[in-house]
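Peer 1: Based on the hints, put chain A in the right spot on chain S.
2 protein chains.
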Amino acid sequence: MRKTEVITIDRAPSHTPLDATLPALLLSLLVLILALVSPGLLMAQELLPSWNDGKSKQAIVDFVNKVTKAGGADYIAPEDRIAVFDNDGTLWTEQPIYFQFEFIADRIKVLAPEHPEWKEKEPYKSLLAGDLKGVAAAGEKGLVELGMSTHAGMTTDEFAVIVKDWFATARHPKTGKPYDEMTFLPMRELLDYLRANGFKTYIVSGGGVEFMRVITEKAYGIPPEQVIGSTIATQYALVDDVPVLNRLPKIDFIDDGPGKPAGINKFIGRRPVFAAGNSDGDYEMLRWVTSAKPPTFAMIVHHTDASREYAYDRQSAVGKLDKALDEAERRNWLLVDMKNDWKTIYAFDR
Amino acid sequence: MRKTEVITIDRAPSHTPLDATLPALLLSLLVLILALVSPGLLMAQELLPSWNDGKSKQAIVDFVNKVTKAGGADYIAPEDRIAVFDNDGTLWTEQPIYFQFEFIADRIKVLAPEHPEWKEKEPYKSLLAGDLKGVAAAGEKGLVELGMSTHAGMTTDEFAVIVKDWFATARHPKTGKPYDEMTFLPMRELLDYLRANGFKTYIVSGGGVEFMRVITEKAYGIPPEQVIGSTIATQYALVDDVPVLNRLPKIDFIDDGPGKPAGINKFIGRRPVFAAGNSDGDYEMLRWVTSAKPPTFAMIVHHTDASREYAYDRQSAVGKLDKALDEAERRNWLLVDMKNDWKTIYAFDR
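Protein chains in written order, with my numbering: chain S, 191 to 540; chain A, 191 to 540.
Pulled out of the complex, with its shape left as it was, chain S reads as follows:
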């Protein structure tokens, strides 16, 4: 980043007042310049350090270089550099089950004493007994009921506190780490790298938006307004003449599968140029992004690392990757091989 000319200023004779102020002035100017160029310097040194050198890393870097090159044929203006990321299985682990389901299970246990009827009522009964097959037997309707019992019936502020407290205490069954540390370091580096190149990074997840927003800033550097997810209806009300928003037991929007392009359109209102996912739930989002005017980029995180994370695709109940895997090559979607492409999985592994 052209720094050569700034070095060693000397040899001015004389004792004018300028002499005294010049060094201070130059110093402050240098500090300013360095503040401006330092992200670039940093990048040159440590570009995507948790990614192994190879086809995947190169494809990402080539795309970013191409679309940020002013005057180039593939240049994309900064305001159009929208990048969307699925969350579960793309930015953090989703096994052995979506973390938000763990939250639901924990909440049901906490709330059970207030609901003696749950002991005899499905799917609560199975869940409290730790029988996930029994829970699954209740189907989608049963899952929605569990979701509403734990996500509705409080204000938005109260819910945020519940979620925050859960993240502070709950631990992943395999690693023993807090769930918000189960993020993939290479993906966090990718988010940083894109942002350093003028991209605006969004999460577009099937997860609940108010569940994710509690931790996305800390976990990914993504502010609440750049998190798109499933929503339940809320209702404005006054409690002791103070406005609150009550969370109602009613689904407002499911941001999954074909819902993802709809969610992107509703919340962002323009077509992203970069998309990352890991399952068939991201298929329509990848199609939507890569069918726009080129250049566009899509990638799929393929879970191939049974020892460091998990290995699964076509047969998995959670994060099934089948159709998108079939079509990745012909649609020119980058298939990231976790085992071979990633040097490190989690920050705590370093």
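The set of hints was computed from the structure by calculation and includes no laboratory data. These figures come from a predicted structure and were not determined experimentally. Hints should not be assumed to be uniformly reliable.
Derived lysine-lysine pairs resembling DSS-like cross-links, with alpha carbons at most 25 Å apart [said to hold, decoys possible]:
| no. | chain 1 | residue 1 | chain 2 | residue 2 |
| --- | --- | --- | --- | --- |
| 1 | A | 483 | S | 390 |
| 2 | A | 408 | S | 483 |
| 3 | S | 408 | A | 331 |
| 4 | A | 331 | S | 440 |
Peer 2: Just chain A now, kept in the frame of chain S:
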């Protein structure tokens, strides 16, 4: 940033090439600095130039100074400087009727030849005859039907083109100007001023989000992702194997009245600190914003200028301001008196 060691300034005599480059170097550094600070300089010279000096302008400036003063008791971190603005009647004129209704009326006329049945069917019949009372008699249900006939049944991309074409040709009945020039210059200055002070500015309007997004960047410098409005449901589909989003004749969300806090929570996920509105449709939004932890700021644009714009409040069918007007003083909401507080209304009046 530690770069001090790079500058060794001394006083050796001399004719090195550096002597010649130093002035040029300093000049380029100064240009850089000026580029960085010039928004600030500009502001000092022409702060809110279309606002008359007085209580209203002072209240706005005092608030901004207070919350941006690093280390001050009322300091708000840049990421929390969220400002929300109603659109109709707050950022642009809403008389004699909401511009989006004019769009509906024009579209119904364009589409009428394809719908001979409308000649005998209300509220189409009244609308085509220019009988707004007849339209109003059809009530909310009738209005929704008109909305769906004109806003659904096409893809999102097609709708954007229809809206864009309409703005290019339609003219306001009183001024003869394109609707997207009917914006209030003092409010555009306020948006600029807030942004120059690190605020993120949002529109939170009862209007259709995909109607507004076509012009908000040009009209207000507000990008699509910072426009919150009413939405209709969309559905992902493939047309000749190309993904589209079809606009369905089904309301998804009404972003008005108590819907505004819900919309803010859904789309932004944090509490704004600054809100501007003009009607009772903004009442709940103003309550929601100003009931958060201080400092917060709310203002109401009071339409008091019958000659330069319109004068209306409690009795108006469009943009009724009654309850919010009653409570403005005790809730410490700034009541902006358009006639006396604004030097200029529209940019084309200058």
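Peer 1: Work down the list of hints and note, for each, if the structure agrees.
Peer 2: How the hints compare with the structure:
Restraint check: the Cα-Cα separation between residue 483(A) and residue 390(S) comes to about 29 Å, which exceeds 25 Å; the hinted pair is violated. The suggested pairing of residue 408(A) with residue 483(S) holds, with an alpha-carbon distance near 22 Å, which does not exceed 25 Å. Under the criterion of a C-alpha separation no larger than 25 Å, the hint pairing residue 408(S) with residue 331(A) is inconsistent with the structure, at around 46 Å. The suggested pairing of residue 331(A) with residue 440(S) holds, with an alpha-carbon distance near 24 Å, which does not exceed 25 Å.
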